[in-house]
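Visitor: As a plain string of letters, each chain reads:
There are 2 protein chains.
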Amino acid sequence: MLREVDLNKNLTKNEYKEMMDKLAPKFAALQREARAKGLPVMVVFEGWGASGKGTMISRLIQPLDPRGFKVFTIQAENEEEHMHPFLWRFWTKTPAKGRMHIFDRSWYRRVITEQMDAPMDQKRLDAAYHQILSFEEQLSADGTLIIKFFLHISADEQEKRLKKLERSSETKWRVTKADWKHFKQYKAYLPMYDHMLEQTDMSWAPWHVIEATDREYAAVKVMTIVAGMIEERLNEENAKESRSHLAERAQEELPGTEETMRTTVLDGVDVSLTMTKEDYKKRLSVLQKELTRLQNEMYLKRIPVVVALEGWDAAGKGGAIKRLTEPLDPRGYEVVPTAAPNDIEKAHHYLWRFWRAMPKDGHMTIFDRTWYGRVMVERIEGFCSQAEWRRAYREINQMEQNLTDHGVIVLKFWLQIDKDEQERRFNERMEDPEKQWKITDEDWRNREKWDAYVKAVDEMILRTSTTYAPWTIVEADSKYYARIKILETVVRALKNRI
Amino acid sequence: MLREVDLNKNLTKNEYKEMMDKLAPKFAALQREARAKGLPVMVVFEGWGASGKGTMISRLIQPLDPRGFKVFTIQAENEEEHMHPFLWRFWTKTPAKGRMHIFDRSWYRRVITEQMDAPMDQKRLDAAYHQILSFEEQLSADGTLIIKFFLHISADEQEKRLKKLERSSETKWRVTKADWKHFKQYKAYLPMYDHMLEQTDMSWAPWHVIEATDREYAAVKVMTIVAGMIEERLNEENAKESRSHLAERAQEELPGTEETMRTTVLDGVDVSLTMTKEDYKKRLSVLQKELTRLQNEMYLKRIPVVVALEGWDAAGKGGAIKRLTEPLDPRGYEVVPTAAPNDIEKAHHYLWRFWRAMPKDGHMTIFDRTWYGRVMVERIEGFCSQAEWRRAYREINQMEQNLTDHGVIVLKFWLQIDKDEQERRFNERMEDPEKQWKITDEDWRNREKWDAYVKAVDEMILRTSTTYAPWTIVEADSKYYARIKILETVVRALKNRI
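If you read the protein sequences in the order shown, they are chains A and B.
This note's numbering numbers the first residue of the first sequence as 199 and each following residue consecutively.
This note's numbering numbers the first residue of the second sequence as 199 and each following residue consecutively.
Hints listed in this document are in silico derivations from the structure and should not be mistaken for laboratory results.
Any given hint might turn out to be false.
No distinction is drawn between identical chains; accordingly, a pair holds when it is met within one copy or between any pair of copies.
What the hints assert, rightly or not - The list that follows gives simulated cross-link-like pairs (lysine-lysine, DSSO-like), each with its CA atoms no further than 30 Å apart:
#, residue 1, residue 2
1, K358, K251
2, K677, K520
3, K268, K544
4, K361, K385
5, K358, K677
6, K487, K520
7, K475, K558
8, K385, K362
9, K520, K295
10, K617, K268
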């Protein structure tokens, strides 16, 4: 979840002021309404050392009526807390109806900070995750709104901040030996944090990763999300009360905010990466020979492989699949194209048809489009409800974890091209009688929804790039480059296993 | 869950015929409606060897249109299945909308049968439970109705059945060495089954323990539950469609069925157990001395204890608490009486006030009435919704597991008296000016709901008597007997730990 985030987000002072001037009074009004309606809210701040949790909290509470919130700083357990079950100190700090409790670090200390300093065995760690999930689930089922932030900065940024703090005599004391120790372990902690985020990213209490390089940007984003989630919940409650959709208050968007504040993944992709035809041919030949050999070994060692291809229309999935399968023994692989579900498929859970197609040990299944349709086309076209696609991230992660637990190598590719390149390819297809069949009116219609897809894909990659089944983003404006990157990734993954 | 069930249930042939004559056509009609409405149903049969799963399934499908259901017998994985992830064979067998799939053994094989024959390590076992839960949760969220039965017989009954099968040349082949091997392990498997049931008893897919000693009784009970759950779901769907409660079809009860078919716990309790005053005094003095000593040791070893007392009004909780606390150092224990929640408590999750009162290490908290009010008085008086009390069983189990994970000894007592004895005690209180304060109009009103309470208590004890925090039922018509049993249980539990 963390690796994919583009951390280069910022706001100018002017932009910040302008946005805050609109946002703050709106947030204050929402707090009043939440109090009146008796909505309990918990806001959790986790993140790297020196990522600015304190600053974020100060700015968040600025517009609020101080009678309505309370801030808790969660440090190591005191003696009283240590003599109680782990969750005791958090249960006793849950907000009453209408109140907002803000946590500077939280119950996640248990699986991160404590785990860093004195690692627990696997069994105790699993139990801790269990307890955390049941805690959030119970409160959420009871009506508490849980908003979780992870403040994310790069290792370089962290170093810069620690040094700056040390330079001033006023702030020097804030930097401890432990801070530097943790800094040195940045790379080791990254997968640990990723694991934490993916284990506890639930549709009823999702994580929001905040790009915290720029404090102004981060502060606006945090407040936008808190305000948005409170507003959404109040709207739901209002709709329930009046038992009619008519009463639903339109959710006011602050103009431009949503686009600026979105966590992006695709934006940072350099699609211009390219490769000469000569290099391509050489690499292709080498890689395909390796693949032939590796398929054989994979079969003997009974290792199953899933290759999942997603990407824009005309991004080059077909060509990539061709290069991937050319060297393979057809008895050992299958290509599964995914079209709109037929009637029998529609009568089942959306994952059913993909489960049926999963490879057996020693075999490879290549999916040309996949189960991710749930959180792209089905989300955008409204073929499923918001609740359905929101919970799909976790359902999909669970399925992929089932696969990897069994030993399946799961490789997921997103083929990224830019919008102009797509247009060029569409026109090329229109003009070439041999390729005309490849392009339909629907492709043109989907193209009109480009921005909606970007938003869905960004969220998809973020929430489903797991430690056990990460996405590979393929820069695909150059077909040569893209095909080689895919083949290389497959070859590397197989070699690593064997 | 299994130990508490009274297995002595049966029906005469006539009763069976009469009940089936009414039930079967109703069930058939419900199947047709479920098909028309597109409701997918999964029925799971697990249970002891020779508990009659085959018979139950034959009888269940009797009234059904064979085009609407399919029966799957789940044996050891074949090669194809073994070469796929564990859940693959079950995902591929999920029912389409409107169909009913019945499983003779199921995905629970993984954590029981396979576990018996070739134990997995803890990590793999935990993963299997995880997968099972996510499988059921995903299907259930998608609209599949999941109905799970555990056919329960005693070890004696199992032995009788295996011997009978062996005696006949026609059925001899059905008894294998493994059956006898498993029979010999009956006592070892009991906690394993209990663990399985408590790990996977979810409000969206609860377990139904079937007293399978008498096949007629069991068959009627199974069909009653399947029909009842389908009917309930159809009613919910109808209510949703018309967005109004008016359209809700009254759930037709077959007269007398519910009472006959209920799994009972309290019925089997012999409240007449008694003790002479002389014996009482002797035992009390010994036990109290031990308690004084044990409290000291408990304090030094930092062991926390929770004693939870529930029971009928006038069952003798107060007297028992007095005898329990007399020998204790008041600095080491606290008695927490539980009344109706005050305003601040009402503004929080119902478990919040109990979490706050939990003892710290080395201390004892005695609850006079407890969090179980959620599934008794709040259920019966409608202070919480059906969805709320149904999910409370698991929430409560999770809280108690949090406690026991931390090292708390959790002891739960249900004080059982019969209805006449209660009346006698009420009248005694009315007549004694010293005791009049103890009896209120509310006590008399609660008494009128005796049957509703019996039903709620039976279900409560069944669903919350866990391996880590079991209930102790105290036969309390004799106060002497009851007090001694409670003290003995506390002393034994403390001794076991120390």
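Visitor: Work down the list of hints and note, for each, if the structure agrees.
Guide: These are the hints, each one checked on the structure:
1. With identical chains, the CA atoms of K358 and K251 are at most 30 Å apart within one copy only, with a shortest distance of 16 Å there and 68 Å across copies.
2. Only within a single protomer do K677 and K520 lie at most 30 Å apart by alpha-carbon distance; the minimum there is 12 Å, versus 82 Å between protomers.
3. Taking the closest pair of Cα atoms, K268 and K544 come within 30 Å of each other only across two copies (19 Å); inside a single copy the shortest separation is 48 Å, beyond that limit.
4. In this assembly of identical chains, the alpha carbons of K361 and K385 lie at most 30 Å apart only when taken from the same copy (19 Å versus 64 Å across copies).
5. Neither within a single protomer nor between protomers do K358 and K677 lie at most 30 Å apart by alpha-carbon distance, with minima of 39 Å and 72 Å respectively.
6. When the C-alpha separation of K487 and K520 is checked against a cutoff of 30 Å, the pair qualifies only within one copy, where the shortest distance is 15 Å, while the shortest distance between copies is 83 Å.
7. Proximity of K475 to K558 under the C-alpha cut-off of 30 Å is found in neither arrangement, the shortest distances being 36 Å within a copy and 72 Å between copies.
8. Taking CA atoms no more than 30 Å apart as the test, K385 paired with K362 passes inside one copy only; the shortest distance there is 21 Å, against 66 Å between copies.
9. For a Cα distance limit of 30 Å, the shortest separation of K520 from K295 qualifies neither inside one copy, at 59 Å, nor across copies, at 37 Å.
10. Within a single copy, K617 and K268 get their C-alpha atoms no closer than 47 Å, and across copies no closer than 50 Å, so neither meets the 30 Å cut-off.
Taken one by one, the earlier hints fail for this structure at numbers 5, 7, 9, 10, listed in ascending order.
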